[in-house]
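Peer 1: Spelled out from the first residue to the last, the chains are:
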Amino acid sequence: MNFIGTHILSVSQFDRAAIEEIFVVADQMEPYAQRQKVTRVLEGAILGSMFFEPSTRTRVSFGCAFNLLGGEVRETTEVKASSISKGESFYDTARVLSGYSDVIVMRHEIEGSVDEFAQASRVPVLNGGDGTNEHPSQALLDLYTIRKELATQGKNIDNLRIALIGDLKYGRAVHSLCKLLTLYNNIHFTLISPPELALPASYIKAIKAAGHDIVESNDLQQSIRHADILYLTRTQEERFPSQSEADKYKGLFRLNQAIYTEFCEPNTVIMHPLPRDSRIDAKELDDDMNNNPNLAIFRQTDNGVLIRMALFALILDVTDQVDKHARNVNWYTAKRF
Amino acid sequence: MNFIGTHILSVSQFDRAAIEEIFVVADQMEPYAQRQKVTRVLEGAILGSMFFEPSTRTRVSFGCAFNLLGGEVRETTEVKASSISKGESFYDTARVLSGYSDVIVMRHEIEGSVDEFAQASRVPVLNGGDGTNEHPSQALLDLYTIRKELATQGKNIDNLRIALIGDLKYGRAVHSLCKLLTLYNNIHFTLISPPELALPASYIKAIKAAGHDIVESNDLQQSIRHADILYLTRTQEERFPSQSEADKYKGLFRLNQAIYTEFCEPNTVIMHPLPRDSRIDAKELDDDMNNNPNLAIFRQTDNGVLIRMALFALILDVTDQVDKHARNVNWYTAKRF
Amino acid sequence: MNFIGTHILSVSQFDRAAIEEIFVVADQMEPYAQRQKVTRVLEGAILGSMFFEPSTRTRVSFGCAFNLLGGEVRETTEVKASSISKGESFYDTARVLSGYSDVIVMRHEIEGSVDEFAQASRVPVLNGGDGTNEHPSQALLDLYTIRKELATQGKNIDNLRIALIGDLKYGRAVHSLCKLLTLYNNIHFTLISPPELALPASYIKAIKAAGHDIVESNDLQQSIRHADILYLTRTQEERFPSQSEADKYKGLFRLNQAIYTEFCEPNTVIMHPLPRDSRIDAKELDDDMNNNPNLAIFRQTDNGVLIRMALFALILDVTDQVDKHARNVNWYTAKRF
Chain D
462 MNFIGTHILS VSQFDRAAIE EIFVVADQME PYAQRQKVTR VLEGAILGSM
512 FFEPSTRTRV SFGCAFNLLG GEVRETTEVK ASSISKGESF YDTARVLSGY
562 SDVIVMRHEI EGSVDEFAQA SRVPVLNGGD GTNEHPSQAL LDLYTIRKEL
612 ATQGKNIDNL RIALIGDLKY GRAVHSLCKL LTLYNNIHFT LISPPELALP
662 ASYIKAIKAA GHDIVESNDL QQSIRHADIL YLTRTQEERF PSQSEADKYK
712 GLFRLNQAIY TEFCEPNTVI MHPLPRDSRI DAKELDDDMN NNPNLAIFRQ
762 TDNGVLIRMA LFALILDVTD QVDKHARNVN WYTAKRF
Chain G
462 MNFIGTHILS VSQFDRAAIE EIFVVADQME PYAQRQKVTR VLEGAILGSM
512 FFEPSTRTRV SFGCAFNLLG GEVRETTEVK ASSISKGESF YDTARVLSGY
562 SDVIVMRHEI EGSVDEFAQA SRVPVLNGGD GTNEHPSQAL LDLYTIRKEL
612 ATQGKNIDNL RIALIGDLKY GRAVHSLCKL LTLYNNIHFT LISPPELALP
662 ASYIKAIKAA GHDIVESNDL QQSIRHADIL YLTRTQEERF PSQSEADKYK
712 GLFRLNQAIY TEFCEPNTVI MHPLPRDSRI DAKELDDDMN NNPNLAIFRQ
762 TDNGVLIRMA LFALILDVTD QVDKHARNVN WYTAKRF
Chain C
462 MNFIGTHILS VSQFDRAAIE EIFVVADQME PYAQRQKVTR VLEGAILGSM
512 FFEPSTRTRV SFGCAFNLLG GEVRETTEVK ASSISKGESF YDTARVLSGY
562 SDVIVMRHEI EGSVDEFAQA SRVPVLNGGD GTNEHPSQAL LDLYTIRKEL
612 ATQGKNIDNL RIALIGDLKY GRAVHSLCKL LTLYNNIHFT LISPPELALP
662 ASYIKAIKAA GHDIVESNDL QQSIRHADIL YLTRTQEERF PSQSEADKYK
712 GLFRLNQAIY TEFCEPNTVI MHPLPRDSRI DAKELDDDMN NNPNLAIFRQ
762 TDNGVLIRMA LFALILDVTD QVDKHARNVN WYTAKRF
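If you read the sequences in order, they're chains D, G and C. In terms of my numbering, the first sequence opens at residue 462 and continues consecutively. In terms of my numbering, the second sequence opens at residue 462 and continues consecutively. In terms of my numbering, the third sequence opens at residue 462 and continues consecutively.
Bound-form chain D, shown alone:
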């Protein structure tokens, strides 16, 4: 795949070779994200960060990734401050904003909005999440995390046993991850959710068509016994027709240290796209697991910076130059990773 100048809109764009290329560049970015080295390869470049739906994590992660490559970030954080509220089309917004930056990351609550925007944009666009549809950088960081975590156990993604748990209907992170995993060989999926929040049929069909196993279950404890990865999700309340409808499913599936100890293998890795809901009636992933070394949820978000740096470097064609502009960090840095 030729990344130069392309939009990143959907995980469907990637084959295994493209994914591997992204992951190799992500590995290359680690000394910069860890603040051992500084590069200024994108000094003078501008990222247009267009978040028309609330976000801190993804927005800051993208911005940080661009800054770590030496570039600047110009941001919009809400739709009501934008011309879209005055009747402007995505076409116009895209034509205008793409004159202001070298690359754009966009989030919007409407499915397909980012595609529409990208078609009119004069610069490459990265999808930072369009409603329940796609969130490709999240799927890539999840897969990259799986690969890294399994590597420490001498395993790789082929033959993975993964349990997806919780709201599998509205969780776009789960959807995109499923699409990516189907590219690999012999994946064993365990889908644990209330029937009403099951993984949509189209995803199940695609997984089966690619020759992978699926077990569907309504019983958390019995279904997590033989998994390399547990991937938990919160109930995506904001996607439900009403709060009371969402509340029905709150706290149905909960993982805590006691359950983990009794039912999981000793090396089972725990992932979550975050935020996890820590309110007393939710707690799908209990904070009594915070010191469990297999809890990979913060390594996921750290990896997100690497993946986003890699995407920027590939799209803007600077992977070869990153290390040439490098110097050592000259300020105090915490041991963080």
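Honestly, the hints are just simulated from the structure, not real lab data. Bear in mind the structure is a predicted one, so any value in this text is a computation, not a measurement. Beta carbons are placed, not taken as given, at the ideal position from N, Cα and C, and that holds for glycine. A few of these clues could be false.
Stretches of chain C that chain D covers, calculated by requiring three or more beta carbons in the stretch to come under 8 Å of a beta carbon on chain D [said to hold, decoys possible]:
| hint | segment |
| --- | --- |
| 1 | 499-510 |
| 2 | 558-566 |
| 3 | 581-590 |
| 4 | 768-778 |
Pairs of lysine to any residue, SDA-like flavour, derived with a Cα cap of 20 Å [as the list claims (entries may be wrong)]:
| hint | chain 1 | residue 1 | chain 2 | residue 2 |
| --- | --- | --- | --- | --- |
| 5 | D | K669 | D | D476 |
| 6 | C | K547 | D | G712 |
| 7 | G | K547 | C | R740 |
| 8 | G | K547 | C | S705 |
| 9 | G | K785 | C | N791 |
| 10 | C | K785 | D | V790 |
| 11 | G | K640 | G | K669 |
| 12 | D | K547 | G | Y631 |
| 13 | G | K711 | G | E723 |
| 14 | C | K630 | C | I571 |
| 15 | D | K547 | G | Q697 |
| 16 | C | K547 | D | L713 |
| 17 | G | K498 | D | Q782 |
| 18 | C | K547 | D | D748 |
| 19 | G | K498 | D | R583 |
| 20 | D | K547 | G | K640 |
Go by the hints and put chains G and C onto chain D.
Peer 2: Showing chains G and C alone in chain D's frame:
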């Protein structure tokens, strides 16, 4: 005119020589805005971007312009996050914020607010729009666009035939553009609006006093026959006493490709200060014209970056240094302009 | 005190030697804040500016301070755009966000929230204000201003006579300043407030325990006769149970030029943490004093940049390197200070 350290508050500050000076510097900025070259002339300088009224386009355009010169941007995007909501005077806000930056751009919904702010500021202030009053950088980019578009046809601003269409009462872009055009010779104005949204009498008087022609009309099709430039505007709903009052005027004057083909000259240039209202009941400028090469609306916004770079460079006295700090862009850049 | 890598959460962390160290570095920062020199010592470093409560002044001041050292700023300006609104714990927010930056400044309306956040953060955290609790950089800039203002009169902080006026109950700036002043010798406090808004008993007890004088008063004019410093505050309306409750205390104590001339010593310095409430029914510090040379309120905010630069430089261990990366400013700079 000596630009160094001055506030840019109103188009009334400029004579033809000053405007020409700005336009020459804007031309100089093109390789930087087109991402052929990078300059870092303002590295270490800070722009205070104080938008106390919603804006994406103007805010990002100013920020981008400052970044392209190498400077940093610190932003405020809403009044409720500011001390003004705790009873602070513009005087105090200005005294404080001007200690944080080298230059400030400010937008506020109250007419005259930016003047009041500038009087107390310790650094140069650019008016990014104060209510229905002034928006000088918009007027400059409009005039710069007119000049550029006409130049390709071997014409210049003198003797221009321009039709201003739509809400001429509340559209500050129109007001400021009229003021600038009166500085030139023999301008033919056609004003097309509902009587209730006519250009205010003071502007008409000033145009006539400067010796230019005015024709007022309520008929779009017959009035656009002999124009070099059509300048369309949306109904400025947010300035109306009520939504229902604004709705009366929605969609009254509409330009689309069929009308253009039948009634306009083949080279008539179409401008709009944007956003255009693409909702079905508005559509003052139909998107079936998006591929018309005479549609200059996105060249306008591109030119906005050049004009804002020029203003910063002139005010901060670095025009002579810009090219000295230049190097070639080292990342992928789209063909955009 | 070793500043490298530490959190700055409370003024209780500091002894006199630590404060003196901060003030010496703040003095060193003056040519950079005054835009005589540029340093790029933190080029490549990222400040995470996490303001979960409205703020312009403090947020921009911190961001500007970091930019002046050459670093980048990634911001969040409201809680509703954050995962906290989806039930995320401070622990999770901190673990995630601390992977994105080299240092964090945080403001949140909940007392103790910043402490909780800092415990989970993997990078140093500065408290930018947690409810009515602490706002240490404000207290430091206030004390630094007192020191600088008195120095011009040949006095120092020991033996200071200070009158604290207005809402002494909810004003966290006052609370933190009182804590710092107790570290010095022989401070004479005059506390002027309505009885219901008196300084909390715990502060009074601590001041007395440290051997300082306290006079409490309900009479502004008679109580400001022998003060080196008048420190006025606005009624912190947003902390009151209701607006009507807050309104009872509005405008009770007002200082203007006539009162100052009649009752103050000629060199009495006037301070205020800002914003001051300039609405007609409030006006605790009248704007007829704006040209009084003893009005130090804007020197306070200017000093805030110096203090915040000093804290960043100390925490990130670059004080020795700042001047090595320095060059002269190459653009127009106003005489501001």
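Peer 1: For each hint, tell me whether it holds in the structure or not.
Peer 2: Going through the hints against the structure:
1. 499-510: holds (count 7)
2. 558-566: holds (count 6)
3. 581-590: holds (count 3)
4. 768-778: With 3 residues closer than 8 Å to chain D, the segment 768-778 of chain C meets the three-residue bar; holds.
5. D:K669 with D:D476: holds (18 Å)
6. C:K547 with D:G712: holds (14 Å)
7. G:K547 with C:R740: Since the Cα atoms of K547 (chain G) and R740 (chain C) sit roughly 9 Å apart, the hinted pair holds (cutoff 20 Å).
8. G:K547 with C:S705: Distance ~15 Å between K547 (chain G) and S705 (chain C) Cα, so the pair holds.
9. G:K785 with C:N791: holds (12 Å)
10. C:K785 with D:V790: holds (15 Å)
11. G:K640 with G:K669: Roughly 11 Å separates the two Cα atoms, so the pair holds.
12. D:K547 with G:Y631: Distance of about 15 Å is within 20 Å: holds.
13. G:K711 with G:E723: Measuring from Cα to Cα gives roughly 23 Å; hence the hint is violated.
14. C:K630 with C:I571: holds (16 Å)
15. D:K547 with G:Q697: Given pair K547 (chain D), Q697 (chain G) holds - Cα atoms ~9 Å apart, limit 20 Å.
16. C:K547 with D:L713: Holds, because 17 Å separates the two Cα atoms, which is no more than 20 Å.
17. G:K498 with D:Q782: Distance of about 17 Å is within 20 Å: holds.
18. C:K547 with D:D748: With Cα atoms ~16 Å apart, K547 (chain C) and D748 (chain D) stay inside 20 Å; holds.
19. G:K498 with D:R583: Since the Cα atoms of K498 (chain G) and R583 (chain D) sit roughly 18 Å apart, the hinted pair holds (cutoff 20 Å).
20. D:K547 with G:K640: violated (26 Å)
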